[in-house]
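Heads up: the sequence lines are chains W and C, in that order. Going by our numbering, the first sequence opens with residue -14, and the numbers climb by one from there. Going by our numbering, the second sequence opens with residue 45, and the numbers climb by one from there.
Please note: incorrect hints may appear among the correct ones.
[Claimed, not checked] Listed next, with one range per pair, are the computed distances between beta-carbon atoms: (1) C/L235 / W/P13: 51 to 59 Å; (2) C/A301 / W/D154: 47 to 55 Å; (3) W/L206 / C/R230: 37 to 45 Å; (4) W/Q242 / C/R342: 49 to 57 Å; (5) C/S169 / W/H224: 26 to 34 Å; (6) C/E258 / W/R167: 54 to 62 Å; (7) W/P13 / C/A66: 29 to 37 Å; (8) C/R342 / W/P119: 35 to 43 Å; (9) C/R230 / W/Q242: 52 to 60 Å.
[What the hints assert, rightly or not] Below 25 Å or equal to it, Euclidean Cα-Cα: the simulated SDA-like pairs (lysine to any residue) are: (10) W/K101 / C/L296; (11) W/K101 / C/R199; (12) W/K26 / C/A162; (13) W/K26 / C/G236; (14) W/K101 / C/A184; (15) W/K101 / C/K59; (16) W/K30 / W/V49; (17) C/K95 / C/S169; (18) C/K95 / C/L131; (19) W/K244 / W/K101; (20) C/K59 / C/A345; (21) W/K101 / C/K95; (22) W/K26 / C/V287; (23) C/K135 / C/W198; (24) W/K27 / C/P165; (25) W/K27 / C/M233.
What the hints contain is simulated information worked out from the structure, not anything from laboratory work. Glycine included, every Cβ here is placed at the ideal spot set by N, Cα and C.
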Amino acid sequence: MQTRGQWYGARVSLDDSLAARVERLELPFNEYGVDPYGISKKHLKLALEAFGLLYRHYFRVRCVGAQHIPPRGRAMLVGNHSGGVAVDGAMVLTSTLLEMNPPRLSQGMVERFIHKFPVASLWASRTGQFTGLPEHARRLLEDDRLLMIFPEGARGTAKLFRDRYSLVDFGTGFMRMALQTRSPIVPFAFLGGGSAIPTIFNAYALGRLLGVPYVPLTPYLLPVPLPVRLEIHYGEPLHFQGTGDEEDHVIEGYVQQVKQAITRLIETGRQERQHRREQGLLP
Amino acid sequence: MRVLILGIAGGIARKLALRLHAAGHEVVGIDVRPWHDAPEGIEVHRVDVRKRAAEDVFRRRRPEAVVHMATVTAFTVRGGERGRINLDGTKAVFDHCATHGVKQVVFVGRHTFYGAAADSPLYHSEDEPPRALESIPELADLVAADLYAATALWRLPQMTTAVLRLVYTLGTPGTGTLATFLRGRRVPMVLGYDPLFHVLQEEDVVTALHLALEKQLRGIFNVAGPPPIPLSVIIKGTGRTPVPLPAPVLSLILGRAGLPRLSVGAVDHLRHPIVLDNRRFLDATGFQYSYDEGRILRAYADALPVDRTGR
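Just chain C, with the same shape it has in the complex:
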């Protein structure tokens, strides 16, 4: 199968490309970022998914399947450009897929879709609407992209579309929202709260994406691994020190005093949990995680001990 990966220079996308290539698939990728040491046999086009050159890749290479991972968070891109990448980019991807006969699309979304709110159910099913967007508006474009991708299920019925909502990745390179948040020696918490966090090791993320392609999933699926664990356990389990601070103080000193940067709205994600009910995905794919919570935390602590983070 010829698979086109959008956002191929990202850490998980690279691993997915290697996994698919090793499994005998033909892999093509698009990214504005370079992948200098991409192995022979994996074709990388350094173009913006919203530009004409990207459509040329669709036209010339005629992929049978597309994995859309070219979305960004508030941590990597700020302001209006983030919205344009996430929403306009996603629209362009589905337009190109429809025009050039792509049979299968996997949209890789995030569990933050559901929002963190005090009165939400603990376990979110795929049927729930996004909540608490008013407290963290920088998530709105990702939520919009997710909802837009889901419209392909009825707009483009000839195409097999899967919208995956993945929990936080905690891998050994230390990239990604949660991994970046945990890099320092001291990790802030909101005093009086200790929300559950759902984490998945990146090798398991790759397995889940591979399964979604292989099983030709159609629909919306939550993807999670081991049961969720409290943030304090994650912090201590990765060898860090939790620093509980009152919410107003935390909002003022984030990004200072050795604490990680975080948007003010994201403080709600340190108060309330976002936990996924992944039974639909398990039933559809038979997915089994290989890293349990203890192994995930130990692997992160071994790969990024605090004395090597330079903070």
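Isolated chain W, as found in the complex:
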């Protein structure tokens, strides 16, 4: 979709079908269409049909800077959580499949509880979204995969509407892993998730009953995403030198650099959004 010179939805993917983009993934699929991690072409195609629809027509995602993501080789996409449920992860995953040429699969490091639930476990596994364990991150990076990391963790998705553009504390594990595996970090900002799911309260007790960290509640009760325009801004890759065994204060300094890069991308994105709104390019 084109709106007065601004693209929403994925323009690259307009050239070929969603199924064709999955076929073009440079992953070692076997004759059954399954790679050594259990990622399945069939499941990816179905997931992309659903996510692609949301990406192009429901959220009309605007993606900026996808050219900063290495087309091949190991890398970490590191960004802010936005929205009470993992709409951000799903749309980032869709963006690397639709906006990159050749497409790449970004593999998220998901919360442990996901794999305890039937269906969720199956779909997460078949689309390459594994539990956030150092063993997974290391192996995937050593296999030159593209990792998607939200260092804020579950505390990030728990942000309330009023805090939607703030960043909570980052973990440091991702930085040590980046240094140990010599992986570049591509910072990204995700905008709009907090408006799509305007959390006003997190029901932690209800979450414990259901086996999840919390249940986000919105003014209309359920955390169903609203059709808000979302934006993903990728920044230039950051390269850090080291072994991963550095003192905490060194690692924390590097983490702050990543956090600042993401903060700048959020600010830039918000300013651009404001500018477009003033120009009448946004509703």
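The hints should help you fit chain C onto chain W, whose structure is shown.
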């Protein structure tokens, strides 16, 4: 080299015996089960590895290498006897090896050592502890036997010990845990799950064991072949029909309605994968599998088509 194979009447052990014999090794075997048509030149002693007669074989035949395959699963032996066979038997084997100057021991263990858990790493390295034993206690004695065998690495440093953890075998005779599970026309799955399964064709298992002996491996090694595949792919690829059932229903009707028998705890193995990182073994032996996943499944389907299973 004189090799003593414990549990020689088993399907893979027989093939290993034949392979070693053909390669010019002297092969002796122990098993409580008979091997009626054992070829001339392979000496089979029908004794219990825990009994005095077994030690006599060690004393008289003085093997240089021992391959310990005389362990059993919950599918073949139930209750306390299984624990006695697996743990007391393994202790007896290592005691005899130490007493009678055996130079090399290969303990053939299983990948189920690592356990199936939702929060485990997908690929298990040899350095990981066993997990989720509480959900399937019938594996405890096999895990204990594996850990006991590994103590030989420091207790008996004069002996070259290898502890191998092998993935499921899927061979054409249709024996073994997974092969038995797949025999029927309909194969159950847990609704909402489709775990990866790591399989190795039995000829490749024999090759791996042969290499472990030849290369005189010392240490703990995961042994796997082609990359893992989802259970649903295995079921369909072998010409069977997957029957996804909610876990509580599955637990109730296993062993009935034409479905295979399975312990209740083993249902977790139909939920979560146990996949091995076998890089250490590949580096140490140069092992290459000859059956890829497609060939393994087709070979099984050809050897055991559903209309011949009688179910």
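Okay, the hints, checked on the actual structure:
no. : hint                        : verdict
1   : C/L235 / W/P13: 51 to 59 Å  : violated, 29 Å
2   : C/A301 / W/D154: 47 to 55 Å : holds, 53 Å
3   : W/L206 / C/R230: 37 to 45 Å : holds, 43 Å
4   : W/Q242 / C/R342: 49 to 57 Å : holds, 53 Å
5   : C/S169 / W/H224: 26 to 34 Å : holds, 28 Å
6   : C/E258 / W/R167: 54 to 62 Å : violated, 37 Å
7   : W/P13 / C/A66: 29 to 37 Å   : holds, 35 Å
8   : C/R342 / W/P119: 35 to 43 Å : holds, 38 Å
9   : C/R230 / W/Q242: 52 to 60 Å : holds, 57 Å
10  : W/K101 / C/L296             : holds, 21 Å
11  : W/K101 / C/R199             : violated, 40 Å
12  : W/K26 / C/A162              : holds, 23 Å
13  : W/K26 / C/G236              : holds, 18 Å
14  : W/K101 / C/A184             : holds, 23 Å
15  : W/K101 / C/K59              : violated, 40 Å
16  : W/K30 / W/V49               : holds, 24 Å
17  : C/K95 / C/S169              : violated, 35 Å
18  : C/K95 / C/L131              : holds, 14 Å
19  : W/K244 / W/K101             : violated, 31 Å
20  : C/K59 / C/A345              : holds, 21 Å
21  : W/K101 / C/K95              : violated, 45 Å
22  : W/K26 / C/V287              : holds, 22 Å
23  : C/K135 / C/W198             : holds, 15 Å
24  : W/K27 / C/P165              : holds, 24 Å
25  : W/K27 / C/M233              : holds, 19 Å
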